[in-house]
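S.K.: Here's the letter readout for the chains.
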Amino acid sequence: MAKFEVQTTEEQGIVVLALQGYLDAHTAPEFEKTLQKVINQNQYRIVADLQQLRYISSAGLGVFMGFIEEIREKGGDIRFCSTEPKVYKIFELLGFPALFRFFPDRQGALASFQQDASNQES
Amino acid sequence: MKKSKPESADTSHTISDETSRSRVELASLLEISQALNRSLELGDILNRLLLVILGRLMISRGLVLLREPSNGLLKPACARGIKPAALPEPVLVQNLPTRFFHIRPSSAQPLPDALVGLMKQRGLVAGLPIVHQDRVLGLVLLGPRLNGDTFGEEEVRFLASLASLAGMSIHNALQVAQIQSVNQQLDFRIQQLRTLFELTQALSSTLNTDQVLKTLTYALMGQFLVNHHAVILFEEAGPLLVRSQGLEARPLLSLLQEGLAECKDGRAQMVRALPAGPLRKALIHAGVEVLLPLFHQERCSGVVLLGGRANGQPYRETDLEFLATLGSQAAISLENARLFSASLEKQRMEEELNVARAIQQRLLPGKIVQPPGYRMAGRNVPTRQVGGDYFDVIPVQGHRIALMVADVSGKGVPAALLMANLQAAFRLIIHEPLSLSEMAGRLNRLIYQNTAIEQFATAFLALLDVAAHTLTYVNAGHNYPLLVQANGRLTLLKSTGTILGLLPEYQFQEATVSLQPQDLLVIYTDGINEAVNDRQEEFGEDRLRKLIQQKAHLPPEQLLAAILNEVNRYAGDLPQADDMTLLIVRREA
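Chain order of the listed sequences is G and W.
The first sequence: position 96 = 96 (the working numbering), numbered continuously.
The second sequence: position 589 = 589 (the working numbering), numbered continuously.
Just so you know, the hints here were simulated from the structure itself, not pulled from any lab data.
In this text the structure is predicted, and so the values were computed from the model without any measurement.
Be aware that a few hints might be false.
As the list claims (entries may be wrong) - Okay, derived cross-link-like pairs now, DMTMM-like style, lysine to aspartate or glutamate, Cα gap no bigger than 20 Å in a straight line:
1) W:K551 / W:E588
2) W:K494 / W:D526
3) W:K281 / W:E248
4) G:K86 / W:D187
5) G:K89 / W:D187
6) G:K33 / W:D210
Build out the structure end to end from the sequences listed, making use of the hints.
M.R.: Here it is, written out as C-alpha cells:
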C-alpha cells in the first residue's frame, strides 16, 4: 500500500505543507482533509513543498484544482517548490505550470509571497 | 561561445573590393552555418537566421513562415519588426516559389495572390524559400532595405546560400520537434492509462458512493485542469445533485434526467455538439462544456458535468474517449455501491425484524398451565414477517383461567406493536374485578384510541372456571372457536360483538357454555383456515372441522401437532401470509 504523509507547519505566516510519499486516488482524500483544515482556519497562503513527494496522480492534482479557486478568491495562492523532476513532469504533462507557480526551493516560494505582500503595501 | 572571425584582409593589398566582400560573405555564411547547426531548437535557429539576414542586408522587418507537415498550412514561426497582433493566420498557399522573389510587378516568376496580399499588408517586399531536398519548408519574408538599395545579384546569391544552409538545420530541428511532440503525446497517453488503471483499482476497492464520486471527480479535475464540475445521480425518487463546484446545476436537474433518459451509451459529449434545444441552452448558460453520462447495463444512473478547463484549452476527441472509459468504470462502482447499500439496508431491516419477532415470541406464554382435570396446548407459528397473532393463558383468582386468542390487523412492526400493547393491557386488566364484557370494552377503547383507524384486532376472550366447568366468553369478530363434544357434536362459539378498535364505545355481550368431560375446545386464528396451496386454494374451515372431528380423541398437544402437520402438508413449501395460532383445551374428567 502506497504511503502518504503531509506535515503542516507555518513559516513567516505562510502555511507550508510538506508532502511525502505517494499522492494518488487512495491518499487524495487524506490530503483533501488536510487542505480543508488549513482553509477552515482562514489561511490561504500555502506553499506545497514536494521535495519528499515520490508520485502524484491525477486524483492528487485534482485536490489542488478543487481548492485553488476558493484560495485565490480569498487573495491567497498555492505555490509549489522543490519538485522532483519525475514529479514535475506529471505536472507539466497536464499543463499545471500554466496555472501554478513553481519554485526551486522553499525559500523562493516563501519569498514570492512576501514579495506580493510588499507590492501590495507600496 | 567564441565566434569565428573573418580572416583579416591585410594579407594582400591587391585583392579587389569584390573579392574581399565575397570573403566577408563566406565568413558570415560559415558563422551562420555553425550557429545554425549548434542548435536543434527551431525557435533559436529561425531567430538567428532572421537576425543575420536583417543585419547583413539592413532590413528592419522580417517574418518566417513554416509549413505545417500535416496540412501544409503556412504558419508564422518567427518575426521581427511585426507586432504579434499583425501576424497572419495560418494560410494555405499553393505553388510556393522555389527561388528568391520580389513582389515588384516586373518579377520574373508569377506569385500566388494570397502570398502577395499577405506580404503587402505587412510591408514585406521580398521572400526567400527555405528548401530542403527540393521541398519548400517555409518562407523568409523581408521588408525593404533601409538604405534604399535593391536586392542585387550578390545579395540574392548570399540569401540563396543562407537558405540552403538553413534548410538543413530547420529540417533537422523539425524532425526533432516532431519526435519530441510524439514523445510528449506518448507520455500523455501513458499518464492517462496510469490514471485509468489507478482509478479502476481505487473505484473497485470501495462500495461507498460518496467515495466513488470523490475519487472520480478529483481524477477528472487533475487530469483536465478543471475545477467547475457537478455530479447528478438519477435516483428512484428523482435527480439528486450530489457534488457541485462552480456550476449552477440545480436548474438543470430535471432537464438532464429527461435529456439523458434516451441515452444509449456512456459516450461523453461536448455540450456545443448537442442538438439545439432547451437542454443545450441551459447547459451552456450554466457554463457546462462536457456531459459524461454514467452508463451501465442499459441504464444511465447519473451524469458528470464538467466546466471549461482552467487553462482555456478545449477538450479533444481523445479526452472524450478517456472520459467515457472513466465514466463507465465509475458507473459500475456506483451500481455496486448501490446494490451493497440496498442489501445492507435489507439485512439491517431483517435483523430488526428478527429482534421484533424474538420479542414477540417472548410475549406469548412459554409453558402452558395445566389446571387439574384439564389439558391445554397452545402454539403460535409466526410467518417470516412479524405478524400480529397473540394468545395467552393466565391463571386468575377463584379456579379460573383466562384464555385469549387475538389477531391484530396488518403485518410487520405496526402489527407487532399493537399486539404487544394488547398483551400488556390484557395481562393488566385480567386481574381487575371486571366482567369479561367490560374487559372487552376496555380493550376496544384502548385500541381505538391508540391506533390509526385501519388498525384493529379480532379477539376471543374467555374465562374458564375449572371448578364449575364453565366457559364464559366474548367473541369480538374472531374466527368461531370449535367446541367438540364427546359424542362428536360440534358447536361454534359465534361472535358476541364486533372487532376491537372499530368503534369508540361498544357494549360487548358475553356468553357461557358448560363443559362436559372429554369436551374439546379449539381456538385458532385465520392463518390456519386461510393457508393456501400452490393453486391458491384455502385450507378452509370445513376441512379444519372435519380434521378436528376425526382426531378429537388425541391429547391436545398431539391434536395441535396433527393440525399443523396437515396444514403444512397442504400448503407445501409455500411461504404463508399470516401467523398461525392454535389454542386447544380439553376437559379430561
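S.K.: All hints are to be evaluated individually against the structure, with a verdict given for each.
M.R.: Hints versus structure:
1. Restraint check: the Cα-Cα separation between K551 (chain W) and E588 (chain W) comes to about 16 Å, which is no more than 20 Å; the hinted pair holds.
2. With a C-alpha separation of about 15 Å, the suggested pair K494 (chain W) and D526 (chain W) falls inside the 20 Å cut-off, and the hint holds.
3. In summary, the hint linking K281 (chain W) to E248 (chain W) is supported, as the alpha carbons are separated by about 13 Å, within the 20 Å threshold.
4. Taking the CA atoms of K86 (chain G) and D187 (chain W), the gap is near 12 Å; set against the 20 Å cutoff, the hint holds.
5. Simply put, K89 (chain G) and D187 (chain W) have alpha-carbon atoms about 9 Å apart, close enough for the 20 Å limit, and the pair holds.
6. A threshold of 20 Å between alpha carbons decides the hint, and for K33 (chain G) with D210 (chain W) the separation of about 15 Å falls inside it, so the pair holds.
Of the hints listed earlier, there is not a single one the structure fails to meet.
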